[in-house]
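Residue numbers (our numbering), protein chains in the order written: chain A, 157 to 318; chain B, 667 to 1279.
These aren't lab readings, by the way, just hints derived from the structure by calculation. Using N, Cα and C, we set each Cβ at its ideal position, and we do this for glycine too. Among the clues, some could well be false.
[Stated by the list, open to error] Pairs of lysine-lysine residues, derived as PhoX-like cross-links and limited to a Cα-Cα distance of at most 20 Å, are as follows:
| no. | chain 1 | residue 1 | chain 2 | residue 2 |
| --- | --- | --- | --- | --- |
| 1 | A | K313 | A | K301 |
| 2 | A | K301 | B | K714 |
| 3 | B | K1267 | B | K1210 |
| 4 | B | K931 | A | K252 |
| 5 | B | K857 | A | K301 |
| 6 | A | K254 | A | K205 |
| 7 | B | K1143 | B | K1210 |
| 8 | A | K254 | A | K312 |
| 9 | B | K1234 | B | K1267 |
| 10 | A | K254 | B | K690 |
| 11 | B | K1267 | B | K1217 |
| 12 | B | K1234 | A | K254 |
| 13 | B | K690 | B | K714 |
| 14 | B | K1217 | B | K1234 |
| 15 | B | K931 | B | K857 |
[Unchecked claim] In silico negatives: residues of chain B with every beta carbon more than 10 Å from chain A:
| no. | residue |
| --- | --- |
| 16 | G734 |
| 17 | T766 |
| 18 | N939 |
| 19 | G947 |
| 20 | N1057 |
| 21 | G1147 |
| 22 | I1219 |
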Amino acid sequence: MTDIEDAEAMSQPTAAELQHQLIPMLQEIQERFGYIPSEAVGWLSQQLKVSSQEIFGVATFYNHFRLNPPGRHEIRVCLGTACHVGGGERLLDTIKEKLGIEPGETTEDERYSLERVACVGACALSPAVVIDDEVHGRMTQRSLKRLLDSLERQDKKSKKRE
Amino acid sequence: MSEVDELDTIEVLVCLGTGCESAKSNLLYNQLTMQIEKKGLGKRVKVKRIGCHGLCQEGPVLAIEPEGLFYCQVQESDIEEIVESHFIRNEPVERLFYQTPEGDRIPHYKDIPFYSEQQRVVLRNSGHIDPGNIEDYISAGGYEGLRRALKDMTPEQVIEEIQNSGLRGRGGAGFPTGLKWRLARNAPGNKKYAICNADEGDPGAFMDGSILTADPHSVLEGLSICAYAIGADEAYVYVRHEYPSSVAALKKALQDSYKRGLLGKRLLGTDYNLDIHLMEGAGAFVCGEETALMASIEGRRGMPRPRPPFPTESGLWGKPTVINNVKSLANSAIIIREGSVWFKSIGTEGSPGTAIFSLTGKVRNTGLVEVPMGATIRNIIFDVGGGIKENRTFKAVQTGGPAGGCLPAEKLDLPVDFDSLKEAGAIMGSGGMIVMDETTCMVDVARYFLSFTQQESCGKCTPCRMGTLQMLRILDKIRAGKGEEGDIDRLLELCETVVDGSLCGLGQNAPNPVLTTIEYFRNEYEAHIKEKYCPAMVCRDLVKFVIDPDKCIACGACSRICPTGAAKGQKEVVHHIEQELCIKCGACYEVCPPKVEAVMKVPAHVELVGGVD
């Protein structure tokens, strides 16, 4: 091998190095689009020389990745142990009933998506509900209703402006 | 000059741990800096951001140093008073001091039992230094351990020191840290890796996340020492994506370390090179298992593989690798700084050092707790934690996350260390401690943990994938009041199969919550099965909500909040609950005014006389 060939071989990332990029790149795609569009999987497959099947395998294995677009508001109900003991499940029931969707789904008008999460680390303030990345602790049925109502009002206001 | 200028400079520490942050402490920070600037106090009063101070229950909290004064549950509207009264007139605001259950006010946090009963070693900096400022960490003695290791010690001597300290892995299993390092050092090959496992997935646990947010450099220092000792020039921190503030703190800390020459080429002027990479997890609980974690770094599905070979022989990309928990690494740094003799003087002989717990659930003082190993569970819950909320009765404590067990009141005097907890059927685990009172149903708790491990099972081993599902179905049946004679035995039999037939810790420990609740709370299972009765009134198929017509004042609180319209009534007409519509969310029970207490939770099969319901 000449020096030039050697240097080229050095600059070409190995298969292992490419595969190592997979999860960070999926995270970046989701960060940008809110989900993993199927077109992105094809593109990624070419970039990293990893099969689409493998990428789907990884994307569906990890809870963080979603393959459908999220709603405008993301509601995540924490069901960690402290939140469970503090009544998180009952809060989830109320939201399910109100929005008419199950966890993992998005409402038809694409306004809300609902998720259950294992623990957001706010255990000392259980039960917690996370709405659009803001953690709301010590939730009660009453404060939950207030929170959901204020979201509705916000939405109506911004609609009027449009 | 006026009297004001003669006052000493003070530091106002604003807690931005997860607890206080979700109670909007960032608004306090903004308000404080604004007010202080407005009043021209900028020279004398410094405002500093800190990570978790510990007493999350009282959040948002402010600490005033060097006096050590402590303000609890501070609102944005309190800031002006604090600035005017405390910082200008030197009259602290007493009404914001910590209040004991008896109503006394305690001004200094050192005197609050929650703090005075703790011994803070790993958490020594948490809540005192600005995690975003590397100089703060250094002036608190930080990186002294790394300096000593690189300049005065050979890698062998570092390992020897850690081995002498008797430090055991804080991830839960308690494997001797020094031995792990030695195995990796002695493994053949030039390329080796050190990994910090910060994938804290246990629900109900937030210790590692808090440490990373409050004192990220202590973990990086430990990781650098570990890498030096085993002969690695690359290291990874695998951190949970669900902890955005930990990720941000780590990113900043890494940046500053490179700038300061504490990472990169020629560390501290020696000829040792080290790079630390940050990898965010993607929400798979099983990745806390070391072989699954490495698969995830490699960009594959995080599925555990059989051991041996152990990672110290063949780990990341087949190279010898050491994987340590956040707390093990933070401990390593201070051991090298203070010496193994000092470390061994804390804790018990078999488990030296301290134990860190995130204390949550039905306990009065929730928060981050560090006690010497060997302290009893009673110490932690009643002395540090202040006992059970609302003066209810203690029922059980759960340690070790979904892989741990529930211990009853008889075990309260058990010392907390790796061996005693294991003997009692629970495990030390990573540090989650959830307190339960009489309103917690143990069958429901067992079902909760099992549903968690069932969902998180990667699916590789059939007994784990299918066995946990079968167990879950039986528990669901029992909870629904359809349990049969023999169900408990069937559960126990399945537990044994799952333990025996699973490769990794997730499956091997998944039955622990079921096994311990059956062992210590069998009567609750029997009440569900034989009498179709849930003693804690939690299992929803076994309870119903009714309104006592004699007590109802027709205020309409319940009908307004009811999400399904089951609570019916109108002005001045006694309300009632239509059972067919009721989803048993308990909202009506919660909002019925305390003076009225007309909404009642009763066993489902009870027929009430007098036309209730």
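Against the structure, the hints:
| no. | hint | in the structure |
| --- | --- | --- |
| 1 | A:K313 with A:K301 | holds, 18 Å |
| 2 | A:K301 with B:K714 | violated, 35 Å |
| 3 | B:K1267 with B:K1210 | holds, 6 Å |
| 4 | B:K931 with A:K252 | violated, 54 Å |
| 5 | B:K857 with A:K301 | violated, 56 Å |
| 6 | A:K254 with A:K205 | violated, 45 Å |
| 7 | B:K1143 with B:K1210 | holds, 18 Å |
| 8 | A:K254 with A:K312 | holds, 17 Å |
| 9 | B:K1234 with B:K1267 | holds, 17 Å |
| 10 | A:K254 with B:K690 | violated, 27 Å |
| 11 | B:K1267 with B:K1217 | holds, 14 Å |
| 12 | B:K1234 with A:K254 | holds, 18 Å |
| 13 | B:K690 with B:K714 | holds, 16 Å |
| 14 | B:K1217 with B:K1234 | holds, 15 Å |
| 15 | B:K931 with B:K857 | holds, 16 Å |
| 16 | G734 | holds, 22 Å |
| 17 | T766 | holds, 19 Å |
| 18 | N939 | holds, 18 Å |
| 19 | G947 | violated, 8 Å |
| 20 | N1057 | holds, 17 Å |
| 21 | G1147 | holds, 18 Å |
| 22 | I1219 | holds, 18 Å |
Going down the numbered hints, you'll see the structure goes against 2, 4, 5, 6, 10, 19, while the others check out.
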